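Peer 1: Given the coordinates of chain A, work out where chain B should sit on it, guided by the hints.
Just so you know, the protein sequences line up as chains A and B, in that order.
Last residue of the first sequence? That's 332 in this note's numbering, and every number before it is there in order.
Last residue of the second sequence? That's 332 in this note's numbering, and every number before it is there in order.
The calculated lysine-lysine pairs, modelled on PhoX-like cross-linking and capped at a C-alpha distance of 25 Å, are: (1) Lys-183(A) <-> Lys-300(A); (2) Lys-67(A) <-> Lys-100(A); (3) Lys-204(A) <-> Lys-186(A); (4) Lys-141(B) <-> Lys-141(A); (5) Lys-13(A) <-> Lys-67(A); (6) Lys-57(B) <-> Lys-13(B); (7) Lys-205(B) <-> Lys-186(B); (8) Lys-57(B) <-> Lys-213(A); (9) Lys-57(A) <-> Lys-205(B); (10) Lys-183(B) <-> Lys-205(B); (11) Lys-213(B) <-> Lys-57(A); (12) Lys-204(B) <-> Lys-57(A); (13) Lys-213(A) <-> Lys-183(A); (14) Lys-57(A) <-> Lys-143(B); (15) Lys-76(B) <-> Lys-110(B); (16) Lys-205(A) <-> Lys-57(B); (17) Lys-186(A) <-> Lys-295(A); (18) Lys-81(A) <-> Lys-99(A); (19) Lys-22(B) <-> Lys-67(B); (20) Lys-81(A) <-> Lys-100(A); (21) Lys-141(A) <-> Lys-300(A); (22) Lys-204(A) <-> Lys-57(B); (23) Lys-183(A) <-> Lys-205(A); (24) Lys-99(A) <-> Lys-110(A).
Pulled from the structure, derived: some chain A residues nowhere near chain B, Cβ distances all over 10 Å: (25) Val-26; (26) Lys-110; (27) Lys-183; (28) Asp-323.
Derived from the structure by calculation, the hints contain no laboratory data.
Note that the structure is a prediction, hence the values are computed from the model and not measured.
Built from N, CA and C at the ideal position, the CB exists for glycine as well.
Listed below, chain by chain, are the residues.
Number of protein chains: 2
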Amino acid sequence: MTTTQIILASRPKGLPTLENFKMEDVALPSIRDGEVLLEGMYYSVDPYMRGRMNDAKSYAPPFETGKPLSGGVVAKVIESKSTNFKSGDIITGNLPWQKKMIASEKDIRKIDTTIAPASYYLGILGMTGLTAYFGLMHIGKPKAGETVVVSGAAGAVGMVVGQIAAIQNCYVVGIAGTDEKIKLLKDEFGFDDAINYKTTPDMKKAIAAACPKGVDIYFDNVGGSISDAVISNINFHARIPLCGQISLYNSTEIPMGPRLQPMLLTRSVLMQGFIVSNFQSEFPEGHKQLATWVKECRLKFTETIEHGFEKLPQALLGLFKGDNTGKMIVEV
Amino acid sequence: MTTTQIILASRPKGLPTLENFKMEDVALPSIRDGEVLLEGMYYSVDPYMRGRMNDAKSYAPPFETGKPLSGGVVAKVIESKSTNFKSGDIITGNLPWQKKMIASEKDIRKIDTTIAPASYYLGILGMTGLTAYFGLMHIGKPKAGETVVVSGAAGAVGMVVGQIAAIQNCYVVGIAGTDEKIKLLKDEFGFDDAINYKTTPDMKKAIAAACPKGVDIYFDNVGGSISDAVISNINFHARIPLCGQISLYNSTEIPMGPRLQPMLLTRSVLMQGFIVSNFQSEFPEGHKQLATWVKECRLKFTETIEHGFEKLPQALLGLFKGDNTGKMIVEV
Numbered sequence: 001m002t003t004t005q006i007i008l009a010s011r012p013k014g015l016p017t018l019e020n021f022k023m024e025d026v027a028l029p030s031i032r033d034g035e036v037l038l039e040g041m042y043y044s045v046d047p048y049m050r051g052r053m054n055d056a057k058s059y060a061p062p063f064e065t066g067k068p069l070s071g072g073v074v075a076k077v078i079e080s081k082s083t084n085f086k087s088g089d090i091i092t093g094n095l096p097w098q099k100k101m102i103a104s105e106k107d108i109r110k111i112d113t114t115i116a117p118a119s120y121y122l123g124i125l126g127m128t129g130l131t132a133y134f135g136l137m138h139i140g141k142p143k144a145g146e147t148v149v150v151s152g153a154a155g156a157v158g159m160v161v162g163q164i165a166a167i168q169n170c171y172v173v174g175i176a177g178t179d180e181k182i183k184l185l186k187d188e189f190g191f192d193d194a195i196n197y198k199t200t201p202d203m204k205k206a207i208a209a210a211c212p213k214g215v216d217i218y219f220d221n222v223g224g225s226i227s228d229a230v231i232s233n234i235n236f237h238a239r240i241p242l243c244g245q246i247s248l249y250n251s252t253e254i255p256m257g258p259r260l261q262p263m264l265l266t267r268s269v270l271m272q273g274f275i276v277s278n279f280q281s282e283f284p285e286g287h288k289q290l291a292t293w294v295k296e297c298r299l300k301f302t303e304t305i306e307h308g309f310e311k312l313p314q315a316l317l318g319l320f321k322g323d324n325t326g327k328m329i330v331e332v
Numbered sequence: 001m002t003t004t005q006i007i008l009a010s011r012p013k014g015l016p017t018l019e020n021f022k023m024e025d026v027a028l029p030s031i032r033d034g035e036v037l038l039e040g041m042y043y044s045v046d047p048y049m050r051g052r053m054n055d056a057k058s059y060a061p062p063f064e065t066g067k068p069l070s071g072g073v074v075a076k077v078i079e080s081k082s083t084n085f086k087s088g089d090i091i092t093g094n095l096p097w098q099k100k101m102i103a104s105e106k107d108i109r110k111i112d113t114t115i116a117p118a119s120y121y122l123g124i125l126g127m128t129g130l131t132a133y134f135g136l137m138h139i140g141k142p143k144a145g146e147t148v149v150v151s152g153a154a155g156a157v158g159m160v161v162g163q164i165a166a167i168q169n170c171y172v173v174g175i176a177g178t179d180e181k182i183k184l185l186k187d188e189f190g191f192d193d194a195i196n197y198k199t200t201p202d203m204k205k206a207i208a209a210a211c212p213k214g215v216d217i218y219f220d221n222v223g224g225s226i227s228d229a230v231i232s233n234i235n236f237h238a239r240i241p242l243c244g245q246i247s248l249y250n251s252t253e254i255p256m257g258p259r260l261q262p263m264l265l266t267r268s269v270l271m272q273g274f275i276v277s278n279f280q281s282e283f284p285e286g287h288k289q290l291a292t293w294v295k296e297c298r299l300k301f302t303e304t305i306e307h308g309f310e311k312l313p314q315a316l317l318g319l320f321k322g323d324n325t326g327k328m329i330v331e332v
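Only chain A is shown next, with the shape it has when bound in the complex (with noise of 0.2 Å):
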């Protein structure tokens, strides 16, 4: 049997392009006993996947050129030489992007889509839910009448955040770059502000209009200048859950900017890098508490779905645009 898969071609110097992907067809043996053959329905992109692309020493291993690119999936079954999976089964996991692939039946979980859309666990009941509960939670403690503000915070991880930091009755301010994420975010997201960083000449003024009692936790997706004004607004013992650097993920130089430890130092406030697999051990717990508040109403979340296998780089690319409102997916 052959499938079709989508390969990294070459490593991006800066932005990547389509040219650093390429389709194409390869052949796959049968199952052994312990695996299944799945069929891809949704795709993940995300932007750590961009840190991947490069040669370079980070949490997750670089993709190899030449091979598939890999993320999560939501897959169904459609052979099964598993006993804890049989065909018709829907399962989630880490996978490489192709049409059909095989897994073992260690590497795979089936979800409950009685909760939620198949392709929320993707997003908000997957590795995006889990990264704005921990880093919001674990790192930045939110207190009841805290200020949070959230950049990124119509991407997929950044609007969770906003919402579990009301549900902890913080004051939530979000940062994003169109005027319609902007009023999604008011609207729909219940975030109490929110700024529009592509219209707004002054952030640091605008960050502290927004902020009258200043900045307790800074839940930073982005990096560069929007994080200097937001910490030049930080205060005293405030925390800052590092999650994400995007508007630096395509630079080819190191990115120069205000020394920030002169003001962490002055001010007593905690940075810190994380990445989810951090938490490893308390998955359960993020996972059960997410779907509750989901099953309840209290956690919304919405998708930018592109269709079409071969649209998954377009889609990845799409991210550093600012294409996507909440997470990108991309459907077979």
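Peer 2: For chain B alone, coordinates are given in the frame of chain A:
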């Protein structure tokens, strides 16, 4: 009765000069119930005092122009209207830069000069030692076998941090600015290695060579390009207690440097600014542990002592030129 005091005559721009200080006579009233009259013996000068010379929001309120500076002082009680103190007692407290001064019994504490010389209560048995202890133990959380790098290692805090790290069975590398200091750190203070940043052309490479297993804890006293070089060698899950930024205290513009967040993010690094008073409720634990290690001769200490009350401004300015090895003290 009159005494002599040193006031902040004007706020410095950049590096302070002797012109920013002025010595003058001042009248002292009689002491009231619960107060003591003190004669200063040892005066502490510390890098953080530079920040208090600015009119800027920080953890300590700014010194006022026309008023005496203040800081850690060891003094002798020469008259007492407190039942807790009698003439001849040796005390320490945060006191004004005056030859004689009046203090409330609530603001001073008696010291035990059988454990260590009186001046040590401004250093290893005072704020200096507590700063080293809490920054390393409560933020750095050293584990046996880890690599700890300390900048400003021959300064008062740095040399204590290095020794405590060695007690925790860490591999300890210091950074300092003269060959004499390097020799002292290795021969007297038990550092495994030490680097003279003034004679080392490529600090990033030198730190990589001195720390073959990378850097697990970076105790930062200095900031600037030295810190950039250390952080470029930082390990996954490293901790960076931010204690000082002496290289930047005299900056007149916002210092620029490579953005830190991408490195902190991809390696899940914690950076935490702090001052010792954040740990006030745990001071008894710190005092006890430091006194025990000093009595057991597991912690050594050294001082640079200037003589004469009028030398206080000069001693403070000397900190920014690295004139001191260990704690800088003025003895009257």
